[in-house]
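Quick note, the sequences are listed as chains H and X, same order. For reference, each letter of the first sequence is one residue, going 182 to 298 in our numbering. For reference, each letter of the second sequence is one residue, going 182 to 298 in our numbering.
Hints may contain errors.
Treat identical chains as interchangeable: a pair holds within one or across any two.
[As the list claims (entries may be wrong)] Calculated pairs, DSBU-like style, for lysine-lysine (alpha carbon to alpha carbon, straight line, at most 35 Å): (1) 196 / 231; (2) 228 / 275; (3) 195 / 275.
Hint data in this document are derived by calculation from the structure and do not stem from the laboratory.
2 protein chains.
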Amino acid sequence: MNPLSMETCVRLDKKTTALTPPEIQNLLGQVLGWQLIDRDGTLIITKPFKFQNFNSALSFTNHVGQQAEDQDHHPAILTEWGQVTVTWWTHSVKGLHRNDFIMAARTDAVYESYFRA
Amino acid sequence: MNPLSMETCVRLDKKTTALTPPEIQNLLGQVLGWQLIDRDGTLIITKPFKFQNFNSALSFTNHVGQQAEDQDHHPAILTEWGQVTVTWWTHSVKGLHRNDFIMAARTDAVYESYFRA
Chain H
182 MNPLSMETCV RLDKKTTALT PPEIQNLLGQ VLGWQLIDRD GTLIITKPFK
232 FQNFNSALSF TNHVGQQAED QDHHPAILTE WGQVTVTWWT HSVKGLHRND
282 FIMAARTDAV YESYFRA
Chain X
182 MNPLSMETCV RLDKKTTALT PPEIQNLLGQ VLGWQLIDRD GTLIITKPFK
232 FQNFNSALSF TNHVGQQAED QDHHPAILTE WGQVTVTWWT HSVKGLHRND
282 FIMAARTDAV YESYFRA
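Construct all of the structure, not just a fragment, from the sequences and the given hints.
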């Protein structure tokens with residue numbers, strides 16, 4: 182179990198800033214398969230997860246959504262037949278926060294627990 | 182209620198071809214707010230739906246997913262805080278089929294029934 186997945190998201194205030202590139206690289210090394218992308222100037226992390234059918238994909242989407250509600254930090258989740266792509270970033274800092282890597286690790290944990298038998 | 186939403190998807194075989202541009206324009210005129218997009222050479226239709234929060238968005242995603250399972254025709258559903266973007270196309274014809282417009286109308290019907298009080 183990734184220790185990051187045991188952490189809980191912190192509440193952000195107006196002074197919270199985005200992670201620096203070295204901080205991002207450090208955290209990126211602690212989660213597997215997450216791709217760092219610059220989307221119109223905002224850094225995001227994204228990862229595709231594979232499933233046997235649509236229903237399993239949708240079930241995973243719901244599990245990730247439940248984590249998002251629990252932690253009050255919400256991703257973009259693209260649900261398709263056999264695949265779910267989860268994307269994390271922090272709107273208020275216009276980039277990445279440690280919260281995003283915590284959620285990435287929690288997303289992986291959900292997949293490991295329920296969908297990779 | 183859009184009459185298209187009362188239709189059921191037909192099963193496709195290898196001979197089924199994509200709709201022609203005039204057929205697409207005709208059907209596009211029968212659904213409201215769906216945008217026709219050429220995505221890497223494949224025509225798709227897509228529409229964003231607004232919600233008050235993440236949970237309502239996720240609930241809508243599940244309703245649309247249930248319709249997809251019922252009709253055995255599956256979309257791409259992007260779930261975010263306050264918004265769900267649904268995209269329909271038919272993989273086997275590398276474009277659009279009447280089934281996609283039936284599902285677009287069914288998607289609208291779900292939104293009207295459950296989420297627009």
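query = At most 35 Å between C-alpha atoms: does residue 228 with residue 275 qualify within a copy, between copies, both, or neither?
reply = both (19 Å within a copy, 25 Å between copies)
key: Up to 35 Å CA-CA - residue 231 versus residue 196, copy category   = Result: close only across copies, 29 Å inter versus 38 Å intra.
query = Between the shortest in-copy and the shortest cross-copy C-alpha distance, which are at most 35 Å for residue 195 and residue 275: within, between, both, or neither?
reply = Within one copy only: 12 Å inside, 47 Å across.
In summary, the structure agrees with every hint in the numbered list given earlier.
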